[in-house]
Amino acid sequence: MLKLFREVLKVGESTVLYPFVPAEVMAGFRGRPHHDPELCIACAACAIACPSNALTMETDLDQGIQSWSIFYGRCIYCARCEEVCPTRAIILSQEFELAVMNKADLFERADYQLLACRQCGVFFAPVKELEYVLALLKQSGLSVEDLAARRTLLEICPECKRKLDIPKLVSLYQEAV
Amino acid sequence: MFGKNGRNQWLENESQYAIHQDVNAGQLKGALLKDIQRSAFVYRVDCGGCNGCEIEIFAAITPIFDAERFGIKVVSSPRHADILLYTGAVTRSMRVPALRAYHAAPEPKICVAYGACGCSGGIFHDLYCVWGGADQILPIDVYIPGCPPTPSATIYGFAMALGLLGQKLKTSYHIQGEDERVQPRHPEIPLALRIDVEREARRMAGYWHGKKISDAFLDLLKAGDPHQVEQNIQSYLIQEDDPRLAEIFARFLEIYRVRQGEV
Chain W
1 MLKLFREVLK
11 VGESTVLYPF
21 VPAEVMAGFR
31 GRPHHDPELC
41 IACAACAIAC
51 PSNALTMETD
61 LDQGIQSWSI
71 FYGRCIYCAR
81 CEEVCPTRAI
91 ILSQEFELAV
101 MNKADLFERA
111 DYQLLACRQC
121 GVFFAPVKEL
131 EYVLALLKQS
141 GLSVEDLAAR
151 RTLLEICPEC
161 KRKLDIPKLV
171 SLYQEAV
Chain G
1 MFGKNGRNQW
11 LENESQYAIH
21 QDVNAGQLKG
31 ALLKDIQRSA
41 FVYRVDCGGC
51 NGCEIEIFAA
61 ITPIFDAERF
71 GIKVVSSPRH
81 ADILLYTGAV
91 TRSMRVPALR
101 AYHAAPEPKI
111 CVAYGACGCS
121 GGIFHDLYCV
131 WGGADQILPI
141 DVYIPGCPPT
151 PSATIYGFAM
161 ALGLLGQKLK
171 TSYHIQGEDE
181 RVQPRHPEIP
191 LALRIDVERE
201 ARRMAGYWHG
211 KKISDAFLDL
221 LKAGDPHQVE
231 QNIQSYLIQE
241 DDPRLAEIFA
251 RFLEIYRVRQ
261 GEV
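Chains W and G supply the protein sequences, listed in that same order. Be aware that the first sequence starts at 1, since it is given in my numbering, and climbs by one per residue. Be aware that the second sequence starts at 1, since it is given in my numbering, and climbs by one per residue.
What the hints contain is simulated information worked out from the structure, not anything from laboratory work. A portion of the hints provided could be inaccurate.
Unchecked claim - Some chain G residues near chain W, calculated using beta-carbon distances under 7 Å: (1) F2; (2) A59; (3) C119; (4) S120; (5) C129; (6) S152; (7) S172; (8) H174; (9) I189; (10) L191; (11) R203; (12) A205; (13) Y207; (14) H209.
Unchecked claim - Quick look at which bits of chain G chain W covers, simulated, 3 or more residues with Cβ under 8 Å: (15) 63-69; (16) 236-246.
Beta carbons are placed, not taken as given, at the ideal position from N, Cα and C, and that holds for glycine.
Only chain W is shown next, with the shape it has when bound in the complex (with noise of 0.2 Å):
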């Protein structure tokens, strides 16, 4: 019985401090994603990769508008969002303390700006996602007329694209035959 006692008091208390100190969390805890809604182009690839639909993507093509959301009651921090992000937008926080009272609290959203087509002025592309495009291709080396020459290409919606391929392409196969 005493070598119990003496045990007992050797360990000490085991018993966290929380919530009066603040939790003491393990590195690579997968806790709240943060999204960073300045770094976001609106890819979309996290609403694909999320396997519980908490991530979702909705396009609004009457005003122009992506709306990027989430749903922390349906999260199940998989970090399958944070694997996919391009421009690390989401990455997974240490926060855990997310009940709430009020389900609507749960909610984030984020609206982003779709560009129109240059030919038939249909909403079709987020403007970051293209813009980040356009960086990216400036980055590879790309000189400044050929920047402008991808940006006229790239603001055409790919309807429009393949009605622009018509002529060229019954021209070639005039040519061939």
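Please arrange chain G on chain W, whose structure you already have, making use of the hints.
Frame of chain W; chain G shown alone:
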């Protein structure tokens, strides 16, 4: 999820079978929470969960986290309970047992949706056989998200349900600014080198770790001078002391040297 009016349909569309809290019971609950000077007993209702949440609840009442020091005790009958803890995505066949537990608990009672499944159905939200969260069938007071919530998160949720701690999470709504642009990462490093390093990192360590490892390597490349870079990498590897990291960095260095030779 956001309709034409821009309102959150996930929040507003409620199951037609949901039951609502009695007004008098709500007032009683408010009065109780203002001046709670006794223990709060918890009854746990498993509505078709995977048992991950149960394991964390029991971890929360072990001596390490010791929820019982706050008087929070898990009881085995809803008739003893003050707090009802709903875990699981609420399968079709668990709806009636969940309601029976709800009606068996004396007023005033606090209902807590626990875990991603309890809050919203989690990864099972669109299955044919689930209700998608306890709030589809019951009035819920506190949501504790997590898959599963850690014991600390559980204690935080209980403390919030009892009005001891405040809520930290707040909703946010960002609208894109005028000149909001994103620049590529590591602008000082040639794009081809960055892509090669990141691809090799993904191949060797997977996406998540690969990202961290390639970012660490590319940060070390900022020194510019090849001799200095190799020195920095050696000291970084000694500091990290991880043979797996050393192997991956050796591959990166090969790529770096090849690219350096091309310049």
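Outcome of the hint check:
A distance limit of 7 Å between C-beta atoms decides the matter here; for F2 of chain G the minimum to chain W is near 6 Å, and the interface restraint holds. For A59 of chain G, the shortest C-beta to C-beta distance to chain W is roughly 11 Å, which exceeds 7 Å, and the interface hint is violated. Because the smallest distance between the Cβ of C119 of chain G and any Cβ of chain W comes to about 4 Å, under 7 Å, the interface hint for this residue holds. Because the beta carbon of S120 of chain G sits about 4 Å from the nearest beta carbon in chain W, less than 7 Å, this interface hint is met.
Hint on C129 of chain G is violated. Least Cβ distance to chain W is approximately 16 Å, over the 7 Å limit. A distance limit of 7 Å between C-beta atoms decides the matter here; for S152 of chain G the minimum to chain W is near 4 Å, and the interface restraint holds. Using the Cβ-Cβ criterion of 7 Å, the hint placing S172 of chain G at the interface with chain W is satisfied: the shortest such distance is roughly 5 Å. Annotation: H174 of chain G was flagged as interfacial toward chain W, and the flag holds, the nearest CB pair being 4 Å apart, inside 7 Å.
The beta carbon of I189 of chain G is not positioned within 7 Å of any beta carbon in chain W (closest approach about 9 Å), and the interface hint is therefore violated. Nearest Cβ of chain W to the Cβ of L191 of chain G: about 5 Å, under the 7 Å cut. The hint holds. This hint is violated: R203 of chain G has a C-beta 14 Å from the nearest C-beta of chain W, more than the 7 Å allowed. Taking 7 Å as the C-beta contact cut-off toward chain W, the hint placing A205 of chain G at the interface is violated, the least distance being around 12 Å.
A hinted interface residue such as Y207 of chain G counts as satisfied when its beta carbon comes closer than 7 Å to some beta carbon of chain W; here the least separation is about 4 Å, so the hint holds. Taken as an interface hint, H209 of chain G does not check out: its beta carbon lies about 10 Å from the nearest beta carbon of chain W, beyond 7 Å. Counting residues of the region 63-69 of chain G whose beta-carbon sits less than 8 Å from any beta-carbon of chain W gives 5, enough to reach three: the coverage restraint holds. Counting residues of the region 236-246 of chain G whose CB lies closer than 8 Å to any CB of chain W gives 0, which falls below the minimum of 3, so the coverage claim is violated.
The structure does not agree with the numbered hints 2, 5, 9, 11, 12, 14, 16 stated previously, though it agrees with the rest.
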